[in-house]
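Quick note on this note's numbering: the sequence shown kicks off at 1 and runs consecutively.
Hints are supplied without guarantee of correctness; some may be wrong.
Said to hold, decoys possible - FRET-style restraints, in silico, Cβ to Cβ:
hint, residue 1, residue 2, range
1, Gly288, Asp219, 44 to 50 Å
2, Ser3, Glu43, 39 to 45 Å
3, Gly272, Leu56, 28 to 34 Å
4, Val54, Ala126, 21 to 27 Å
5, Gln232, Gln255, 16 to 22 Å
6, Leu138, Arg11, 40 to 46 Å
What the hints assert, rightly or not - For lysine-lysine, the following DSS-like pairs were computed, each having C-alpha atoms within a straight-line distance of at most 27 Å:
hint, residue 1, residue 2
7, Lys249, Lys295
8, Lys112, Lys249
9, Lys253, Lys295
10, Lys137, Lys112
11, Lys290, Lys249
12, Lys290, Lys253
Because the hints were derived from the structure by calculation, they are not lab data.
Cβ coordinates follow ideal geometry from the N, Cα and C atoms, glycine included.
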Amino acid sequence: MDSRLNAFLERADAVLARIEPLLPAPRQAIDWTHCLAARWQREGRSGFLLPLQVSLDTRLSDLIGVDRQVEQLGRNTQQFLDGMPANHALLWGSRGTGKSSLVRALLAEHAKTGLRLIEIERDHLADLPRVVEQIAKLPQRFVLFCDDLSFEAGEGDYRVLKSVLDGSLEQAPDNVLLYATSNRRHLVPEKESDNENWKRVDGELHPSEAVEDKIALSDRFGLWLSFYPFTQEHFLNVVEHWIGQLADKAGLKWQRDEELDILAVRWATGRGNRNGRCAYQFARYWVGLKLLEHKA
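Put together the whole structure using the sequences plus the hints.
As structure tokens, then:
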């Protein structure tokens, strides 16, 4: 009998040794007193919150030329932190104009007063109820952040997302808000053909059901903030700001002049866009070039 039992236990150990690598690793609960941000990670049919090491270098003062957007989202976030009513927010507009940077700058601004950030991808938004369940009773205030939320033509996911947002957002505890960014105002492509079935009733135009269906998704967000392409003056001011920041850290003396402006405009023209991201990239290029020249 003992020999049969030993043989069974040996086989069981062998089976467990083969199965164990396939099992999900045990997850430790996040210590939100020290962790400032996490990402929802899908794993099989479920998922978990993965702690992130985030940089708090970006400040609200680094966002040049978007004062109105900073003021409005900042006020909404402060209301949220103070336990007052606040809205879920959609930041939409041209790429590279500071939408994501604004959300991260608000984390840097309010991390000490309990603000936390959880990143969630568009494809994982159906898991919102699971995410909310894990943080509902915590003392911190959580912004669920979905970057680049949009849908392509023919995708039906946005209809599923509407019902998820309805249930998750309307029943969300008061320590949870959703902030999303998108290049599209209504998150889905808007085509001329959408307007073909508009109806005229008593002299007024009424949109077709297809248009209403698409707009209904963005209506889940109570606060809309628009970000527009940079003018050349705006772009050059942002370049000046970032060169100043990088040059100060490197101990580089510099002065803005016409030659620098011309180089910055050429840089933007070569890349086909004129935005904050492009300005920051040029500033890194220019400061690095000057430091290399001084080294030589």
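Quick rundown of the hints versus the structure:
no., hint, verdict
1, Gly288 with Asp219: 44 to 50 Å, "holds (45 Å)"
2, Ser3 with Glu43: 39 to 45 Å, "holds (41 Å)"
3, Gly272 with Leu56: 28 to 34 Å, "holds (31 Å)"
4, Val54 with Ala126: 21 to 27 Å, "holds (25 Å)"
5, Gln232 with Gln255: 16 to 22 Å, "holds (20 Å)"
6, Leu138 with Arg11: 40 to 46 Å, "holds (44 Å)"
7, Lys249 with Lys295, "holds (16 Å)"
8, Lys112 with Lys249, "holds (25 Å)"
9, Lys253 with Lys295, "holds (14 Å)"
10, Lys137 with Lys112, "holds (19 Å)"
11, Lys290 with Lys249, "holds (14 Å)"
12, Lys290 with Lys253, "holds (10 Å)"
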